[in-house]
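Whenever a hint applies, use it, and build me the whole structure from the sequences.
Each chain, letter by letter, is given below.
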Amino acid sequence: MCGIVGLFLKDDALKPQLGEMLSAMLITMTDRGPDSAGIAIYGDETAGQTKITVQSGTPDSDFPALEKHIQDQTHLAKDKLSFTMRDTHAVIVAAETDKDHILTLIINNHPNIRVMSQGQSIEIYKEVGLPKNVVERFALTQATGSHGIGHTRMATESAVTTLGAHPFSTGSDQCLVHNGSLSNHNMMRRKLRAEGVNIQTENDSEVAAAYLSARMSEGETLGEALTSGLNDLDGFFTFVVGTKTGFGVLRDPIACKPAVMAETDAYVAFGSEYRALVNLPDIDQARVWEPEPAEVYFWSH
Amino acid sequence: MTTIDITEQGLRYLNETLQQQSTGTNQKEWDIINPRGSHAIAVGLDAPIQVTVNGSTGYYCGGMNKQASITIKGSAGPGVAENMSSGMVVVEGDASQYAGATGRGGTLVIRGNAASRCGISMKGIDIIVAGNIGHMSAFMAQKGNLVVLGDAGEALGDSLYEARLFVRGSVKSLGADCIEKDMTEAHIKQLAELLERADMDADPAQFRRYGSARQLYHFDVDNVSAY
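So the protein sequences, as listed, match chains D and W.
Quick note: the first sequence uses our numbering, first residue 1, plus one each step.
Quick note: the second sequence uses our numbering, first residue 302, plus one each step.
Hints were generated in silico from the structure; no laboratory data involved.
A hint or two may mislead.
[Claimed, not checked] Looking from chain W toward chain D, a few residues come up when the C-beta cut is under 7 Å (computed): (1) N335; (2) R337; (3) G338; (4) S357; (5) G359; (6) A416; (7) S417.
Ideal Cβ positions, reconstructed from N, Cα and C, are used throughout, including at glycine.
Okay, here's the thing in structure tokens:
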């Protein structure tokens, strides 16, 4: 199974409540997948700054070491660099010009630390466990932002680990969650790796994320990349995809995996089931529909 | 009229209470509030009662229904009225995938659209849809009638047995062994009765009928009366 929720705000007045609304939606979907859960939040961005979300199984020793290392190795004034620890995750905010340097430093020197996401706006928090616990550990109800995507996993194609949890981020400010299973992910992973794409896990959904990132890095829009995906990705899928400005939905042509959407003047919402949407404001007046198979849906700020 | 609030009283209480009603019950009318997309609302009923669900439902609302008349004032999740034997289920909004799947009897009315696999493996149920139906509808449908006032998606009636399919709008494509067939006076009369039962105003003469070419499965003309 797996449960997906997504929320794209059109009304800025709702931004302070994004985390609260999205967390409640995700917890409602717990019985669709209790293995692990995660949320991607597109929060406020500051021009010239980058956000890197990292994760470690031993944060108490790894994160202080990483923070010191970054301070020593970058030339940024201390007040321009922030390092916020939240349970097993930490968000590093630094100058955009230092981004590649910091990423290289993490990858080369801190093997226990994994990069969850990087970009101007995105933060990803994901762990093994129930959505309720993941939401509490990362204080996700307090998160603010313009859009976000959540996922609760019932593992099929790879092990129940933090790295196997969704969302997957394979490009700057990009993320993907997936309900379903891909049947050609091994071949696609080999193909993408041969093109030089970095894929960290044996998970099928990460391949879909990497595929879309690769198409977009070649100049396709998210909408075009999703359309290409219909030809190249084989298997069952409902995808919800986030970029810095937008939010996309795609179901495979067979469309076994459930999906419900709701739209009002204030938001566009996605849920694996209608249950996830019932507490949204003015849901009774919302246009509620089931997205069509093999049709690309996309909203952008 | 008895009201049950699912949020307050719980789904288990709702279904136990409704399932306990006997054929001779005096409690004929039931009003269900706060369905909030819950799964398995009003399933396994077997009494001539009228149940109104005020809102949208999740998986399998009205599943395995006998005798009861269930109205959903909202949209229905996957598998509405699945394996129904008799009675009537009315969805005032849209129905998600596999509406009326495997139904053995009774009537399912959908006033909005139905998604994919509507009437899959139907075995005698009558399904009337005011809007459109999605792909692979009536897949391996064995018996009963599927009436669609709008359009049908891809692969309608794939591997069809003896169910009858009436579509007023366009059909994107027919599935394997499904062909268009003549509309005789008998079919028009039957369709008029189905439309009237569903309280739908449409001219039976505007529909086309589709059925099995009987090439894919072993059809024996001696058994024709069974359908």
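Taking the hints in turn, this is what the structure says about them:
Hint status for N335/W relative to chain D: violated, with the closest Cβ pair at about 9 Å, above 7 Å. Checking R337/W against chain D by beta carbon gives a least distance of about 4 Å; that is within 7 Å, so the hint holds. Evaluation of the G338/W hint against chain D yields a held restraint, the C-beta minimum of about 4 Å falling below 7 Å. The interface hint given for S357/W is met, as the beta carbon of that residue sits about 5 Å from the closest beta carbon of chain D, less than 7 Å.
At a threshold of 7 Å, the smallest CB-CB gap from G359/W to chain D is about 6 Å, leaving the interface hint in force. Given the 7 Å rule on beta carbons, the hint for A416/W holds: about 5 Å separates it from the nearest Cβ of chain D. Annotation: S417/W was flagged as interfacial toward chain D, and the flag holds, the nearest CB pair being 6 Å apart, inside 7 Å.
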